[in-house]
Amino acid sequence: MTLLQFVQGPLWYFASAVFVLGVLWRLIAMVMIGKPRDLSAARTSSFGGGIKAILLHSVPHGGNLARTIYHFLVGYAFHIGLFVLVLFAAPHVRFIEERLLGWAWTPVPGWGFALAAQFAFAGLILLYIRRLTDPVMRKLSDWDDHIGTWLVFLVMLTGCLALQESHDGLRLIHLLSVEALMIYFPFSRLMHAFTFAFSRYNTGATYGRRGVTP
Amino acid sequence: MTDSASAKTSDGPNVQAAIDKFIAVTGSQVAAYLDACIHCGQCAQACHFHEVTHDPKYVPANKLVPITKVYKRHKAPFAALKRAIGLAPAELTADDLTEWQELLYDSCTMCGRCTVVCPMGIDIASIVGLSRQAMVAAGLGPADLMEAAENARTKGSPLGMTAQVLSDRIEWLADDFEVEIPLDKKKADVLVTLSSIEMMKYPDSVVAMARLMNASGVDWTFSSHGYEATNFGILSGKSDVAKIMIERLTGAAEELGAKTVIIPECGHAYGAMRWSAAGILGRPLPFEVLHITEFVAQQIKAGKLKLKKMGDAITYHDPCQVSRRGGAAEDARTILNAFASDFREMEPTGNNNWCCGGGGGVQAMASASDLRHKVFRIKTEQVDKTGAQSLVSACANCRLTMDESKVALDWHTDIKSLVELVADQLEDA
Amino acid sequence: MVDVRRSVSGLARGLAPIALFLMLALQILAPSLAEAQSSVRAPGNAVVNAVPPPMGSAPDTATQGTPPGDALGNSSDSESWRKIRQGVPGHVNNTDAYGSRGALIESSGENWRLWRNDYVVRYGGMVLLGVLTILAVFFAIRGRMRISGGRTGKVIPRFSLVERITHWFVAILFVFLGTSGLIILFGKLLLLPLIGPKAFGLFASASLEGHNLFGPIFAVAILALFFVFVRGNGYKFIDLVWAIKGGGFFGGHPSSGRYNFGEKSWFWWATICGIALTLTGFAMLLPEIAASVSTALVGPEMTGRLFLQFAHLVHAVAAIAFIAFGIGHIYLGTVGMEGALEGMTRGYVDENWAKEHHDLWYEEHKAHAVTDTVKAETEAAAGHV
Numbered sequence: 001m002t003l004l005q006f007v008q009g010p011l012w013y014f015a016s017a018v019f020v021l022g023v024l025w026r027l028i029a030m031v032m033i034g035k036p037r038d039l040s041a042a043r044t045s046s047f048g049g050g051i052k053a054i055l056l057h058s059v060p061h062g063g064n065l066a067r068t069i070y071h072f073l074v075g076y077a078f079h080i081g082l083f084v085l086v087l088f089a090a091p092h093v094r095f096i097e098e099r100l101l102g103w104a105w106t107p108v109p110g111w112g113f114a115l116a117a118q119f120a121f122a123g124l125i126l127l128y129i130r131r132l133t134d135p136v137m138r139k140l141s142d143w144d145d146h147i148g149t150w151l152v153f154l155v156m157l158t159g160c161l162a163l164q165e166s167h168d169g170l171r172l173i174h175l176l177s178v179e180a181l182m183i184y185f186p187f188s189r190l191m192h193a194f195t196f197a198f199s200r201y202n203t204g205a206t207y208g209r210r211g212v213t214p
Numbered sequence: 001m002t003d004s005a006s007a008k009t010s011d012g013p014n015v016q017a018a019i020d021k022f023i024a025v026t027g028s029q030v031a032a033y034l035d036a037c038i039h040c041g042q043c044a045q046a047c048h049f050h051e052v053t054h055d056p057k058y059v060p061a062n063k064l065v066p067i068t069k070v071y072k073r074h075k076a077p078f079a080a081l082k083r084a085i086g087l088a089p090a091e092l093t094a095d096d097l098t099e100w101q102e103l104l105y106d107s108c109t110m111c112g113r114c115t116v117v118c119p120m121g122i123d124i125a126s127i128v129g130l131s132r133q134a135m136v137a138a139g140l141g142p143a144d145l146m147e148a149a150e151n152a153r154t155k156g157s158p159l160g161m162t163a164q165v166l167s168d169r170i171e172w173l174a175d176d177f178e179v180e181i182p183l184d185k186k187k188a189d190v191l192v193t194l195s196s197i198e199m200m201k202y203p204d205s206v207v208a209m210a211r212l213m214n215a216s217g218v219d220w221t222f223s224s225h226g227y228e229a230t231n232f233g234i235l236s237g238k239s240d241v242a243k244i245m246i247e248r249l250t251g252a253a254e255e256l257g258a259k260t261v262i263i264p265e266c267g268h269a270y271g272a273m274r275w276s277a278a279g280i281l282g283r284p285l286p287f288e289v290l291h292i293t294e295f296v297a298q299q300i301k302a303g304k305l306k307l308k309k310m311g312d313a314i315t316y317h318d319p320c321q322v323s324r325r326g327g328a329a330e331d332a333r334t335i336l337n338a339f340a341s342d343f344r345e346m347e348p349t350g351n352n353n354w355c356c357g358g359g360g361g362v363q364a365m366a367s368a369s370d371l372r373h374k375v376f377r378i379k380t381e382q383v384d385k386t387g388a389q390s391l392v393s394a395c396a397n398c399r400l401t402m403d404e405s406k407v408a409l410d411w412h413t414d415i416k417s418l419v420e421l422v423a424d425q426l427e428d429a
Numbered sequence: 001m002v003d004v005r006r007s008v009s010g011l012a013r014g015l016a017p018i019a020l021f022l023m024l025a026l027q028i029l030a031p032s033l034a035e036a037q038s039s040v041r042a043p044g045n046a047v048v049n050a051v052p053p054p055m056g057s058a059p060d061t062a063t064q065g066t067p068p069g070d071a072l073g074n075s076s077d078s079e080s081w082r083k084i085r086q087g088v089p090g091h092v093n094n095t096d097a098y099g100s101r102g103a104l105i106e107s108s109g110e111n112w113r114l115w116r117n118d119y120v121v122r123y124g125g126m127v128l129l130g131v132l133t134i135l136a137v138f139f140a141i142r143g144r145m146r147i148s149g150g151r152t153g154k155v156i157p158r159f160s161l162v163e164r165i166t167h168w169f170v171a172i173l174f175v176f177l178g179t180s181g182l183i184i185l186f187g188k189l190l191l192l193p194l195i196g197p198k199a200f201g202l203f204a205s206a207s208l209e210g211h212n213l214f215g216p217i218f219a220v221a222i223l224a225l226f227f228v229f230v231r232g233n234g235y236k237f238i239d240l241v242w243a244i245k246g247g248g249f250f251g252g253h254p255s256s257g258r259y260n261f262g263e264k265s266w267f268w269w270a271t272i273c274g275i276a277l278t279l280t281g282f283a284m285l286l287p288e289i290a291a292s293v294s295t296a297l298v299g300p301e302m303t304g305r306l307f308l309q310f311a312h313l314v315h316a317v318a319a320i321a322f323i324a325f326g327i328g329h330i331y332l333g334t335v336g337m338e339g340a341l342e343g344m345t346r347g348y349v350d351e352n353w354a355k356e357h358h359d360l361w362y363e364e365h366k367a368h369a370v371t372d373t374v375k376a377e378t379e380a381a382a383g384h385v
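Chains as they are written, first to last, in the working numbering: chain E, 1 to 214; chain L, 1 to 429; chain F, 1 to 385.
The hints are simulated quantities; they were obtained by calculation from the structure and are not laboratory data. A couple of the hints might just be wrong.
[Said to hold, decoys possible] Mimicking EDC-like on lysine to aspartate or glutamate, the simulated pairs with C-alpha atoms at most 20 Å apart in a straight line are:
#: 1; chain 1: L; residue 1: Lys-187; chain 2: L; residue 2: Glu-247
#: 2; chain 1: E; residue 1: Lys-139; chain 2: L; residue 2: Glu-102
#: 3; chain 1: L; residue 1: Lys-69; chain 2: E; residue 2: Asp-144
#: 4; chain 1: L; residue 1: Lys-57; chain 2: E; residue 2: Asp-142
#: 5; chain 1: L; residue 1: Lys-82; chain 2: E; residue 2: Asp-144
#: 6; chain 1: F; residue 1: Lys-375; chain 2: L; residue 2: Glu-51
#: 7; chain 1: F; residue 1: Lys-188; chain 2: F; residue 2: Glu-110
#: 8; chain 1: L; residue 1: Lys-374; chain 2: L; residue 2: Asp-384
[Claimed, not checked] Residues of chain E clear of chain L, computed beta-carbon distances all greater than 12 Å:
#: 9; residue: Gly-102
#: 10; residue: Thr-106
#: 11; residue: Pro-107
Predicted, not measured: the structure shown is a model, and the values here were computed from it. Ideal Cβ positions, reconstructed from N, Cα and C, are used throughout, including at glycine.
Whole structure, please, built from the sequences with the hints as guidance.
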């Protein structure tokens, strides 16, 4: 078995399994801890509040836009760029069609990919520079923040370098880094991609009961 | 583990007790919060302590560090695996706890402003409240708060207002102000409570409340079996005292057969009784809990209270626990619009207001006073921008904080109580 | 300097795994790349060339067309080849939209190739090597320029957060685009003999894709750099004095404001090179648009292909000029001079460093000198510089 075959075969299945099972277990185990029931008399629906909070916290509110404009713009540039790259890059769509689902959607054209990549890279780099320079973010950051950022950067970089799809070597490096990311993901803060909804919902539900969505 | 076992050991803080408490208070809700924080630091933008000092240690997310450490080492999914391969965070130390004492007490008013700005919507204020329980378990509760909580346990009130003092004072106020103030009626529909700050420092407030109750014509009373609305058990992290205070009020209300319990002008007291009490007690409350502003707003809407207009330019400071964390921001507006013809909002206001700097027990801690005076500068600038002649609030704790900071900052705008203002505008007064 | 160490260690913590990972990947990759013939494919958009029949084989008159150049015995072979090389149009089924119709050899293309290889690669390489040599010699003789009088412990805010973010954004892109660009330009000469055709193909393909992807962000970055740093970068008379005195590199300390002559020159150099790189870069990225614009502006004689050849040469020359100056800048910002780097990492500089290198700026800002570095950093971040 060549390295490429190994990376495309057993290692891919292993990484996928760690990713899917790891994420599921982490979420299930988190919910299974349980919490005390809120017995106070509700003013309004907590479910409605939860849903509202999930939406509301997607954008700066409460007069805080100007104060958090950097994170807002740069964060969205990165995340939107990343989603387009992950879900709509032509090689990914083909991969999804051929190896995952059997069907897929229309990929973005070349210029769309390039544009998304610009946003994703600019966003990630600017967020990371802020992490290294802003006293507050420096105070909060730990090794998990650094590794997570670098892994995502590595995946994006190797992916873009392999764009010509003419060298198996480049694809191999990209796949290897993707697999490293997938294995790291469930154990790290990258989990915020899923936990964000739980966190927002909890606050929305707690305060929605009180008739307010902070 | 009970709080009596929480005494400081001779070697310093009881770290193991703190760890146990941190583990115990971390439910799935807190777990989701701790797992979701991405260290973006935007909460710094919302925190008045960071805003006035620009010291990164005050960033709200930093206040989650001790509980996060314990959660990720002992309770989080994969914690055992991470411990086995050395990737779990290090064990919590006595130094950690000592370092975080100031951050969890002196520099957090649990105002919840950080939650608004958090992209993950993390309720940091509640987690600080839970973390305080662990600090108390370690023996690191600040002396001032511990004393206030003990006073509440033994004397019935954090300021030492016993049932005897209560009845003496009520008698004196009723005589002096010629107002009927019922105490210990056998049966009543409404139990009115008070905060000892009002009784000891702003007795006019108690009189005003009595006049509003009388004017609205409800069957009400104070009770010497349960009168103190503030809950220093919750503020300090002493959960046994928290429960005792709630049991006293609940017992008094049940004894009277009251359908409604009214919380006076005190934000944290409202949060404690309205939202936390049933959970701490373990059963739903058999009566309705209303903040005094909610009650007055209801009476105004029902046409029971007739008010004269007032032309002074005033602005309103939302107590965080009543508005942002209590959901009753609109009631104060209903009242204000009913009598004030020149009411001006601050920017930001309502659910997004800036805290006075003294909530969460910070007001009662001598060690925190310099910092909170600095914080109050934000409020004075807000008020000055509106050009209002007086600053009105509906929380005696906010009012005391602001009165003290006002002197410290040499600021001259009047600070008033909403209840007192409304009572003065009563048509038959 | 605990905090500088923290930021460096933060970077190192991130960089170490990436470097390790890349080295490991290459190590594992090398043999499989060498053996896997099938692993190299033509790019999806490549034109597939048919292999011409071997020379001297009997022409199959039934299937082949007229021989080129009307070579029916009236002209010698060398004359025919000369015409072909010079791009004289003949009867050829060549429908190239960008070049001259009917030419067998795109003569200007051959000229471009010779220009690139004989001049740009040769002299550009010399310039870069020269700069490195000069700096190495300078460092050997002069050593690290220390802060005279040592650190005072008091620091002055110098660069705001916005300035620092912009700087590092440009810097990261500069390193990435510089590296990939140098591989594209010099790779065939230096890398190919070293690592062999398979691995070189991989590097070249990756460099090209990366270069094309990151190029447009660089255009935005260089624009931001200009607007953020233009304040204080206009030349003044004292800059002439500074330049005449040799900037104090050989002793003495000429006067300077917020930026000295060298820094101002670097700013304008970066701006001009940046504009040149941006314009020519976009031309190569969008050849169809570039072709129609160039033909419309200059006339039909400026074909798209010719324009792209110019654009490429300008791009390469501007890049070498940019990188050459950039090497000097990086040298002075890191190993060459004590106390310079922290201005761009933490946002503040030591009082004595400011006094020595930017005395006029120091006079204006000495009131802001503090011992509390956290305070200085916060002040700098807030833009009080």
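Here's how the hints hold up against the structure:
{"no.": "1", "hint": "L:Lys-187 to L:Glu-247", "verdict": "holds (18 Å)"}
{"no.": "2", "hint": "E:Lys-139 to L:Glu-102", "verdict": "holds (17 Å)"}
{"no.": "3", "hint": "L:Lys-69 to E:Asp-144", "verdict": "holds (13 Å)"}
{"no.": "4", "hint": "L:Lys-57 to E:Asp-142", "verdict": "holds (15 Å)"}
{"no.": "5", "hint": "L:Lys-82 to E:Asp-144", "verdict": "holds (13 Å)"}
{"no.": "6", "hint": "F:Lys-375 to L:Glu-51", "verdict": "holds (14 Å)"}
{"no.": "7", "hint": "F:Lys-188 to F:Glu-110", "verdict": "holds (17 Å)"}
{"no.": "8", "hint": "L:Lys-374 to L:Asp-384", "verdict": "holds (16 Å)"}
{"no.": "9", "hint": "Gly-102", "verdict": "holds (32 Å)"}
{"no.": "10", "hint": "Thr-106", "verdict": "holds (31 Å)"}
{"no.": "11", "hint": "Pro-107", "verdict": "holds (29 Å)"}
Every hint, counting from the list given before, is met by this structure.
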